[in-house]
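**Student:** What follows is the residue order along each chain.
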Amino acid sequence: MTDVLVCIKRVPETSSQVLLSEDGMSVDARHVGHTVSPHEEAAVEIAIQVAEASGGTATVLTLGPADAVEQLRDAIAVGCTRAIHVEADSESFGPADVAAAIAEVVRGEDFGLVLVGNDAADSGDFQVGVRLAYALGRPVVTGISTLSLDGDTLTARGSGPDGDEIYELPCPAVVAIQEGGVAPRYPSIVGRMKAKKLPIETISTTVSPTTRRLGLTSPPERPSTVEVLGEGPEAAKAVVDMLVSIGVVSS
Amino acid sequence: MILVLVETDPQGVTLTSREALTFARTMGERMGDPQLEAVAVGPLPDTAAVLAHLGEQGVTTLHHADDERLAAYGAAAWAAAVVDVASSGAARLVVGSGTPRGMEVLAHVATRLDCLMAANVIALEDTDPLTVSRQVMGGGVFERMRLDGEVAVVAVAGHAVDPVPAAESRTTDVRTYEPALTDADLLTRVVRTEKAAGEDTSALTGAKVVVGAGRGAGSADGFTDLLELKDLLGGALGVSRVVTSLGWRPHHEQVGQTGSRISPDLYVACGISGAIQHWAGCQSAKTILAINTDPDAPMVTQAHYAVIGDLHEVVPAINEELRRRRG
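Residue numbers (the UniProt record's numbering), protein chains in the order written: chain L, 1 to 251; chain X, 1 to 327.
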């Protein structure tokens with residue numbers, strides 16, 4: 001039986017232009033909504049799979065503002081059975097700070113396996129899982145897309161430069177999950193009802209964050225210089241002429 | 001000393017590592033620390049080619065951790081080998097490329113050195129205090145970040161800089177060493193690699209031509225013409241996240257923030273709207289041709305060339321024209 005902790009982060013949902021706050025220190029997400037990163041959706045799915053297979057539990061944790069409860073409830077709706085909210089101003093937490101705050105929680109509990117997303121969709125730091133593992137004195141692997149547990153041995157599969165790479169490591173461990181190996185499940189109606197009712201455990205952290213962010217800027221807007229070669233199939237000749245001119249196709 | 005973790009392939013030092021070397025050399029010069037050294041872990045496929053690339057980039061010494069326990073990749077053990085050099089040489093910066101492997105090892109290095117790490121770095125902003133600019137929000141926003149401390153770790157975003165040879169090339173000395181490794185360092189090594197045909201991403205990330213497809217492909221059966229165009233151009237297929245999310249194509253073909261970053265000579269973006277997360281993976285393409293029904297799609301307005309139309313009509317016509325000219 002293995003109790004799994006999966007850590008997620010509330011991030012702005014952006015697919016087009018990103019607006020910044022007036023002080024240029026954060027993303028203005030008032031009009032775009034929030035989500036978690038694709039890697040974390042996969043991590044939640046794997047947490048539930050491992051917990052189900054071993055007869056353990058799947059607990060979801062987030063460090064963030066009060067509104068981050070919304071993302072915790074999304075994870076409950078698909079099968080996590082316990083939720084921990086470390087209430088904090090996550091904008092000021094760097095990856096080492098986040099790892100330290102999660103480590104505080106893990107030390108007081110009995111989570112055999114801790115899952116995180118490979119990197120957060122907003123800050124893209126790539127470090128929380130590794131720093132957390134060192135703080136806990138556990139082995140860690142990152143970029144993992146599928147995971148299975150047999151006794152105390154984890155078999156983890158990720159993508160490497162020469163094909164799929166397989167690791168075997170002892171549990172307890174920390175694993176950073178990459179999307180692509182599992183399909184996150186959709187919430188059922190029963191799941192949504194549970195998510196509404198389940199009490200969220202809200203705790204604070206003793207970690208004092210030190211932000212190193214000096215400011216955010218939008219990339220310079222590139223003026224469109226597109227040359228339209230035509231419309232529909234009639235453009236084919238102009239396309240191949242262009243391919244010849246840039247040397248991709250020989251004349 | 002500025003220390004660069006280099007990754008190698010049968011051609012020598014990988015493109016992204018040569019980019020990191022150029023970036024690190026520029027940082028060192030601006031910081032008044034022009035001593036550029038490199039560290040490579042595990043067997044080198046072609047030592048002469050590696051040294052030629054390093055000499056061209058102005059590297060004075062290659063520290064080569066050559067220990068049979070490092071032959072199989074393991075981030076903790078590889079990081080132990082890097083930290084060994086960084087500590088003994090009092091490195092002010094440890095730099096690597098923003099590949100999955102580079103990023104993983106550097107995260108271990110930063111943790112072991114108890115220092116800050118900046119991922120996805122694209123520019124050095126200032127040297128006092130040391131400040132870098134890096135991509136966040138999938139490349140849609142730049143963050144200025146201060147790197148306080150005696151040492152810092154920097155992962156350079158793929159294709160953020162061109163690999164430019166140093167003004168003066170060097171003869172790179174090789175120092176082979178055996179790093180001190182603990183049992184804990186060796187717990188997380190790759191136990192085996194399974195190479196399924198076409199399932200690794202190297203063909204995509206190294207391709208000179210990538211034919212990309214998005215929602216406009218319409219279905220899992222909508223790729224026939226796109227695959228033919230890919231074959232006619234001798235390239236690789238890359239897809240947007242929506243395509244893999246819908247199960248039309250496998251994840252290893254995905255281009256973008258959570259997929260591969262590509263830098264082909266030509267990217268043919270078919271039926272892709274051009275969300276920020278996709279741009280993060282394809283913006284380094286030298287030439288972009290967008291084929292899209294929507295003339296206002298970001299992929300169209302930001303492309304070099306565009307054809308307005310349905311990819312299912314346009315791509316077969318291009319294939320036909322290519323076949324006709326080849327006779």
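If you're looking for bench data, these hints aren't it; they were derived computationally from the structure. Note that beta-carbon positions come from the ideal geometry of N, C-alpha and C, so glycine has one too. Careful: at least some of the hints might be erroneous.
Have a look at the derived ranges for each label pair, beta carbon to beta carbon [said to hold, decoys possible]: (1) X:Arg326 to L:Ser92: 56 to 66 Å; (2) X:Ser169 to L:Ile246: 24 to 34 Å; (3) L:Ile246 to X:Glu320: 12 to 22 Å; (4) L:Asp23 to X:Val174: 47 to 57 Å; (5) L:Arg30 to X:Leu246: 40 to 50 Å; (6) L:Asp152 to X:Ser87: 47 to 57 Å; (7) L:Ser92 to X:Asp265: 50 to 60 Å; (8) L:Arg107 to X:Thr193: 40 to 50 Å; (9) L:Ile246 to X:Leu227: 16 to 26 Å; (10) L:Asp28 to X:Asp294: 35 to 45 Å; (11) L:Pro170 to X:Ser87: 26 to 36 Å; (12) X:Thr47 to L:Asp110: 42 to 52 Å; (13) X:Leu246 to L:Pro170: 47 to 57 Å.
**Student:** Compare the structure with each hint and give your call.
**Tutor:** These are the hints, each one checked on the structure:
1. X:Arg326 to L:Ser92: 56 to 66 Å: 60 Å, holds
2. X:Ser169 to L:Ile246: 24 to 34 Å: 30 Å, holds
3. L:Ile246 to X:Glu320: 12 to 22 Å: Between L:Ile246 and X:Glu320, where Cβ atoms are some 20 Å apart, the hint holds.
4. L:Asp23 to X:Val174: 47 to 57 Å: At roughly 50 Å between Cβ atoms, X:Val174 and L:Asp23 fall inside 47 to 57 Å, so the hint holds.
5. L:Arg30 to X:Leu246: 40 to 50 Å: 30 Å Cβ-Cβ, so the 40 to 50 Å window is violated.
6. L:Asp152 to X:Ser87: 47 to 57 Å: 33 Å, violated
7. L:Ser92 to X:Asp265: 50 to 60 Å: 43 Å, violated
8. L:Arg107 to X:Thr193: 40 to 50 Å: For X:Thr193 against L:Arg107, whose Cβ atoms are near 35 Å apart, the range 40 to 50 Å is violated.
9. L:Ile246 to X:Leu227: 16 to 26 Å: 22 Å, holds
10. L:Asp28 to X:Asp294: 35 to 45 Å: 26 Å, violated
11. L:Pro170 to X:Ser87: 26 to 36 Å: 28 Å, holds
12. X:Thr47 to L:Asp110: 42 to 52 Å: 49 Å, holds
13. X:Leu246 to L:Pro170: 47 to 57 Å: Given a distance of about 37 Å, which is not inside 47 to 57 Å, the answer is violated.
Hint compliance for this structure: hints 5, 6, 7, 8, 10 and 13 are not met, and every other hint is.
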